[in-house]
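Trainee: Note that the protein sequences, when read in sequence, are chains A and B. Quick note: the first sequence uses this note's numbering, first residue 14, plus one each step. Quick note: the second sequence uses this note's numbering, first residue 85, plus one each step.
The hints are simulated quantities; they were obtained by calculation from the structure and are not laboratory data. Honestly, I wouldn't trust all of these hints.
Pairwise CB distance ranges (calculated) [said to hold, decoys possible]:
(1) A:Arg-443 - B:Leu-384: 53 to 63 Å
(2) A:Arg-443 - B:Ala-404: 50 to 60 Å
(3) A:Ala-127 - B:Ala-365: 49 to 59 Å
(4) B:Val-436 - A:Gly-424: 32 to 42 Å
(5) B:Pro-210 - A:Arg-442: 32 to 42 Å
(6) B:Leu-301 - A:Ala-426: 27 to 37 Å
(7) A:Gly-424 - B:Ala-365: 33 to 43 Å
(8) B:Lys-175 - A:Ala-270: 26 to 36 Å
(9) B:Asn-189 - A:Arg-442: 30 to 40 Å
(10) A:Gly-424 - B:Gln-357: 27 to 37 Å
(11) A:Arg-442 - B:Val-224: 33 to 43 Å
(12) A:Gly-82 - B:Ala-365: 34 to 44 Å
(13) A:Arg-140 - B:Gln-357: 46 to 56 Å
Pairs of lysine to aspartate or glutamate, DMTMM-like flavour, derived with a Cα cap of 25 Å [to be verified]:
(14) A:Lys-358 - B:Glu-240
(15) B:Lys-358 - A:Glu-368
(16) A:Lys-153 - A:Glu-109
(17) A:Lys-123 - A:Asp-207
(18) B:Lys-121 - B:Asp-420
(19) A:Lys-123 - A:Asp-149
(20) A:Lys-153 - A:Asp-124
(21) A:Lys-358 - B:Glu-165
(22) A:Lys-370 - B:Asp-360
(23) A:Lys-397 - A:Glu-274
(24) A:Lys-358 - A:Asp-415
(25) A:Lys-397 - B:Glu-165
(26) A:Lys-153 - A:Glu-71
(27) A:Lys-447 - B:Glu-120
(28) A:Lys-358 - B:Glu-372
(29) A:Lys-223 - A:Asp-289
(30) B:Lys-358 - B:Glu-240
(31) A:Lys-370 - B:Glu-240
(32) B:Lys-383 - B:Glu-272
(33) A:Lys-169 - A:Asp-238
(34) A:Lys-447 - B:Glu-240
(35) B:Lys-358 - A:Glu-371
(36) A:Lys-112 - A:Asp-86
(37) B:Lys-358 - A:Asp-415
(38) B:Lys-121 - B:Asp-106
(39) B:Lys-121 - A:Asp-445
(40) B:Lys-175 - A:Glu-368
Where is the CB? At the ideal position from N, CA and C, for every residue including glycine.
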Amino acid sequence: MRASWRQGEPRGHRRRRTLVARGLTLAAGMAFLATSLARGQAPGAVVPNSECWKCHLELEGDERGPAHGFAEDIHAQNGLTCSDCHGGNPATDDVEQAKDKTFRGVPRGKDVVAVCARCHSDAAFMRRYNPALPVDQAEKYATSVHGQRLAGGDTKAAICISCHGVHGILPADRPRSLIYPRNLPATCNHCHGDAAYMAPYGIPTDQFAKYRASVHGVALLTRGDLGAPACNDCHGNHGAAPPGVEDLSRVCGLCHALNAELFAAGPHAAAFEAADLPQCEACHGNHAVAATGDSLIDARSGVCATCHAVDDAGGLAAVAMRATLDSLQLAYGQSVELLGQASQKGMEVGQATFELKEARQSLIEARTATHTITPARVRAAAAKGREITGRAIQAGRRALADYQFRRRGLGVATLALSLFAVVLYLRIRRTDAKSST
Amino acid sequence: MAGHPEGRPTPAPSRGLHGWLDARYQLEGLRGFLAEKSVPVTRHFFLYYFGGVALFLFIIQVLTGILLLLYYRAGSDASFESVRFIVSQVKFGWLVRSIHSWSANLMALSAFLHMFSVYFTRAYRPPRELSWVTGFLLLVLVMGFGFSGYLLPWNELAFFATKVGTDIVGVLPFIGHPLLVLLRGGDEVTGATLSRFFGIHVAVLPGLFTVVLALHLLMIQRQGMAEPVEWERTPGRRMPFFPHFMLRDLLLWVVVLNILAVLAVLFPWGLGQKADAFASAPAGIRPEWYFLFMFQTLKLLPARIAGIEGELLGVLGFGAAGLAWLLVPFFDRGADSGRGRSAMRLIGVAVVVYMIVFTVLGWVLA
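Looking at chain A on its own, in the form it has when it is part of the complex (with noise of 0.2 Å):
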């Protein structure tokens, strides 16, 4: 664990109790009571009812740390007080009367793991605030690389505080919780990616930054697309270990289902596996995956001439597919651009223009038929992709005609009404200069 997650521990007992710091303290719980009446929270739910607490608040430097933020912490929340896990007598504001022979002080290293496990793993008692939350984090803890090096002596293994914090736990579906998804890399940063800090352990400390660029890291730190994985959606959170080479297109194949599916029924399942290849990650890496394009199956600079000669039967394949796709990408271009053109000298394609969007799930398809590493699958997927783009280039080629035909008979329109307008005007000259005489 990292000696700053601990930092503002309780040590001394200095006591400062001039009426007016009390006086604002009973203003601040009176702020609190209200605002919780307000917003229809039972009163304790907000305000710690604990002398430690409001003690500590008057507290300066790392002594107040503790009751800093505790007062939105969820276990306050849930009217837990500073005894529930530190033991004393939270009842009294005398420090010798409150550290009495139940007072436990500051858990340390692993008796960390065993002060949360005392309520976390107990069904019973966790029932009673959040039924839904699973109670077998302590014993996944440790099956873990963290829970295995804590257990042989390694205090610098991440224990629950390190992830979770200490007094301003918040649940994990708030924006501003350690293990909100969007915060969650972060929080494993804190630790990963420092080269001092993971010396011993021999591990790369540059995942936080291969991440942050990936495909994966993009959009979640970006866009902030909470659907997409963090670290602990592939190496698990309580149990995190890295997964191992055969557990690989499992880990993958959670989101990426179709693909793992069909690699696992192509010739490269067992290719890998005999060559001690990491599935997935052999072709798009891992923490640094990048985003796919068809490029990445070129039999001369993809990820086949890895192991394949642009002339064995793995680069033939390579080659067939990638003309396959690149074939469809172009038609579906082809569409797109012809359609536009339609469509913005206002010609009626909506109809084409919906269609191709079943050519470009087409596309999709014909790219995912890839990790099948037959090129007979490949076409059959992009088969209706092309069915489709043939006919949305002929409306488009037929839209563009009649626009021109538009044109031209506007042209002799025009022309036609002209002349009779001339013809018109001069009956009415004719007409007027009868009339005169």
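Starting from the known structure of chain A, arrange chain B on it as the hints suggest.
Mentor: Here is chain B on its own, set in the frame of chain A:
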């Protein structure tokens, strides 16, 4: 056949089809009427044409409307698709729809110009008060055509514009909500609203319009076109209606038809996206341009004015203003003698400037 009523020599009986019809329907009387009909020639002579242009565009509306009806199907799951079918699959369907849309707008413009030309020349003065009243009713019906027709393609913009437009009706006290439900066929704009608007657009309004238009034309034929007040002292020049004025009318109709063709081909009326009640409202919702000045005014009104809801006050204000405008011939007592010309002109200019400024604002700020 009876002799000529004014004692002129009785013309020899015609032969052929004309003679056959004349024997039965006395066409000579009509010919005499046309031969004697004339129009006053003034310096505002060109203003007389806008009424004829509006009539010509109405005829185009009827013809193109009938053609559209051959393929149009009303319903939330059929309207958009049928209009798309018309503009993309039916031969010249795009042209028919585009002409229908453009001529509707040009007809509204012509009707407005016609109304203001009558106002500024004070042609509504006795005995033509009812010509003004029927003319104003025709303008209201044209706006009703526009409002009901706007929804028929069932596209996104029309859906939300109709929602906003019918919401405005709902602010009226007592009758607001029942009227809104009557218009929409429920509390929300749905397929039921579309069915009602379709019925109103193709049956109710055309029926009313035809009756009022017939009355309007009949009054004009009976009373002739208004002459300037000064002509009571010094009569001016007149022009025979047939063929002189009619040829000029025809020439302008050909020019308008040409403009309509250019607009319909070079700026075909777009179809947009199909209406989706669950989608968020698109940017730039606005009604047809001839409602914009009212729409923009209601948007700019404060939420409450003197304790009354601003929008309600605005709607009631427009109602009162419309009523006052309808009754202008009865208020303007000095019209026959030429008195109060400056005041009426000032009111007219203020109304025109207000409408133009708020229409432009509504267009720019939407």
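Trainee: Of the hints given before, which are not true for this structure?
Mentor: 8, 16, 26, 33, 34
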